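Please work from the sequences and hints to get the whole structure.
The sequence shown runs contiguously to residue 596 in our numbering.
Misleading hints may appear alongside valid ones.
Straight-line Cα separation of at most 20 Å, EDC-like style, residue types lysine to aspartate or glutamate; simulated pairs [stated by the list, open to error]:
| id | residue 1 | residue 2 |
| --- | --- | --- |
| 1 | Lys382 | Asp343 |
| 2 | Lys278 | Asp585 |
| 3 | Lys279 | Asp338 |
Label-pair distances were calculated between CB atoms; the ranges are [as the list claims (entries may be wrong)]:
| id | residue 1 | residue 2 | range |
| --- | --- | --- | --- |
| 4 | Thr576 | Gly360 | 37 to 43 Å |
| 5 | Lys312 | Lys332 | 29 to 35 Å |
| 6 | Asp97 | Asp363 | 16 to 22 Å |
| 7 | Pro70 | Arg191 | 20 to 26 Å |
Since the hints were derived computationally from the structure, they do not count as laboratory data.
Bear in mind that the values here come from a model prediction, so they are computed numbers and not experimental data.
Even glycine gets a Cβ: it sits at the ideal position worked out from N, Cα and C.
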Amino acid sequence: MSLSPAQLQTIKPLPSQDSAIPDGQYVVKCDQQKQIVATDGDIKAEVWFRTPALTADTIRSIHSLQLYVESHDQGYADDESAGNWTWFEIAILENESAETAKINKGVELVWLSHRNNFLTRKYEWKNGGVYDESHPILSHLEAGNVLAVRQGARFAGWANFAKTGYLVFNLGRDIHHKPIHYGNFVAETQGFQSALNDINKLMNPKSAPSIPQGVFRADAINIDNEARPLRVLSLDGGGARGLASLHLLKGVLDKVTPGKKPYEIFDMIGGTSTGGLIAIMLGRLHMSVAECIKKYEQFMEKIFYQNRWTGGKKGRFLWDRHFYDAKDLENVVKELIREKLGRDDVLLDEEKPACKVFVTAVRKDAANNRGPVLLRSYKHPHLPSTLPNIKLWEAARATSAAPVYFKSIRVGDYELVDGSLGANNPLGWLWTEVLGVFGPARESDCFLSIGTGISSNQPILDPGRLGDHNVESAFASAACNAEIMHVLFRTLIHAFAPRNMQEKYWRLNVGKHVPEKIVDGKKVLDNYEGVGELDDVSAVLNHLVKLAEKVVEEEKDTIQRCALALDHTTGIATTSVR
Numbered sequence: 019m020s021l022s023p024a025q026l027q028t029i030k031p032l033p034s035q036d037s038a039i040p041d042g043q044y045v046v047k048c049d050q051q052k053q054i055v056a057t058d059g060d061i062k063a064e065v066w067f068r069t070p071a072l073t074a075d076t077i078r079s080i081h082s083l084q085l086y087v088e089s090h091d092q093g094y095a096d097d098e099s100a101g102n103w104t105w106f107e108i109a110i111l112e113n114e115s116a117e118t119a120k121i122n123k124g125v126e127l128v129w130l131s132h133r134n135n136f137l138t139r140k141y142e143w144k145n146g147g148v149y150d151e152s153h154p155i156l157s158h159l160e161a162g163n164v165l166a167v168r169q170g171a172r173f174a175g176w177a178n179f180a181k182t183g184y185l186v187f188n189l190g191r192d193i194h195h196k197p198i199h200y201g202n203f204v205a206e207t208q209g210f211q212s213a214l215n216d217i218n219k220l221m222n223p224k225s226a227p228s229i230p231q232g233v234f235r236a237d238a239i240n241i242d243n244e245a246r247p248l249r250v251l252s253l254d255g256g257g258a259r260g261l262a263s264l265h266l267l268k269g270v271l272d273k274v275t276p277g278k279k280p281y282e283i284f285d286m287i288g289g290t291s292t293g294g295l296i297a298i299m300l301g302r303l304h305m306s307v308a309e310c311i312k313k314y315e316q317f318m319e320k321i322f323y324q325n326r327w328t329g330g331k332k333g334r335f336l337w338d339r340h341f342y343d344a345k346d347l348e349n350v351v352k353e354l355i356r357e358k359l360g361r362d363d364v365l366l367d368e369e370k371p372a373c374k375v376f377v378t379a380v381r382k383d384a385a386n387n388r389g390p391v392l393l394r395s396y397k398h399p400h401l402p403s404t405l406p407n408i409k410l411w412e413a414a415r416a417t418s419a420a421p422v423y424f425k426s427i428r429v430g431d432y433e434l435v436d437g438s439l440g441a442n443n444p445l446g447w448l449w450t451e452v453l454g455v456f457g458p459a460r461e462s463d464c465f466l467s468i469g470t471g472i473s474s475n476q477p478i479l480d481p482g483r484l485g486d487h488n489v490e491s492a493f494a495s496a497a498c499n500a501e502i503m504h505v506l507f508r509t510l511i512h513a514f515a516p517r518n519m520q521e522k523y524w525r526l527n528v529g530k531h532v533p534e535k536i537v538d539g540k541k542v543l544d545n546y547e548g549v550g551e552l553d554d555v556s557a558v559l560n561h562l563v564k565l566a567e568k569v570v571e572e573e574k575d576t577i578q579r580c581a582l583a584l585d586h587t588t589g590i591a592t593t594s595v596r
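Dropping the structure here:
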């Protein structure tokens, strides 16, 4: 039960700890006003007030803590739905002279008390939850430590104004708190990121996935060993070739618990371009793989329709600068959403998603110097949504807006194209999303990555004559190389993800390797058979799907191991984060 301001004023101050403190309720009070203002995306947290150094006797007698604050924020926000980015937290400091939170095995001993009063310039009272005797903060306290109340703010313009604060203690009989051991997962996760950073320096460091701030705070880490290990799915981009990836996925899920749909098996699905569209179909619309295959076959004929009377796709490009009509793509997506949800204007964001979904897109004005925009069906605890009110059809349209093939789409302040130029294989971003949303201590059983076909060798050519698009195709093919991310993660996920040194990463892709050979006395370097262009419906239906079915047969041992990991436990994973 919350206390009123009048009741708070009647509580006695925490007395001297020179002798045993009688059982009862006490406060540490602060009436010194303080404000902090964030200037960028870095977390800003400053100590507002603190307790004296706590003795071992006092720590053993603490039954609960609760913070009450009279405060407000800056009073406005550009987009109210993007989240509340001011708050109050309680940190353990090593001693009375310390200014930063204590660190245990790489974990910052800080816990959120509560978010600030939202979008008001009037001082109002608000309290956090009760930290009772089972809360980990009490297990981490040691003699001489200090509890500090900190103000927090993040992102430019967000401000935290505090006027009065009460940290309420309930003291009673001695309690011996069970120690908490974090293990080495922080060092292992940081080792993974360090290796990833080394590779990214050779690729595109400005667009590389990275661990979000706040992941290694104590309140972001759940060491509950009873939580089911995570199972996540990554889907590459590849246009019409996405049909092959669906057949690969079907080959795996046919061996998992019968009757379960992908949204009931995977905790998170991330996809780019055609993979993003599939992620939405499986995770947001709750479709089965068989349903997706059927719909995809219908989609392809409509989306990649070529009107021969206007010269086909090349004729259309001459007057529209795009091979296909984005309206056809938009119409089939809206039709599907209406069929599944009853209306086509629903948001991508879902209140309590059984399966969390994100799709990638790229800002058309800044494709060269930053990573993809992640469009999420859930709230991220450490990052605001770029487009919190994006509709489901807009997200599907944005992630599928392959340059040259379809026009970009404007949503809010951004003009978006598909995320394949840098995140064609979204596995790296899936990894950082899992860390940010579920925490680095959460174990994982399966990271499954599905490709859309390994392309044949594509040399980088010198510029040719006007109208010859081979140069652009070559650079686009290089930028969309999904196998680079696979090679990187193949070893790192096994080695560093929770439950390290256990097999938990599987990659399935279509591609027939052609070994090096000698023809007419000349060496012909090894290659892969062509898998068709992004819009080559005939090649997909007549060749690529058959290759996918062959992969399922040839890789049956690998698929069986993956299926066993997916079927290791049943039920939907739970998390306190939307």
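Between the beta carbons of proline 70 and arginine 191, is the distance compatible with 20 to 26 Å? The hint (20 to 26 Å, Cβ to Cβ) holds, given that proline 70 and arginine 191 are roughly 22 Å apart.
Run the distance test for lysine 382 versus aspartate 343: straight-line Cα separation, threshold 20 Å. 18 Å, holds
Holds or violated: lysine 279 with aspartate 338, Cα cutoff 20 Å? Status violated; Cα separation ~40 Å.
Pair hint lysine 278 and aspartate 585, alpha-carbon separation not exceeding 20 Å: Answer holds: lysine 278 to aspartate 585 is near 10 Å, not above 20 Å.
Taking the beta carbons of lysine 312 and lysine 332, is their distance inside 29 to 35 Å? Given a distance of about 30 Å, which is inside 29 to 35 Å, the answer is holds.
Does the Cβ distance between threonine 576 and glycine 360 fall inside 37 to 43 Å? At roughly 40 Å between Cβ atoms, glycine 360 and threonine 576 fall inside 37 to 43 Å, so the hint holds.
Within 16 to 22 Å or not, the Cβ separation of aspartate 97 and aspartate 363? 19 Å, holds
Hint 3 alone, counting from the list given before, is not met by this structure.
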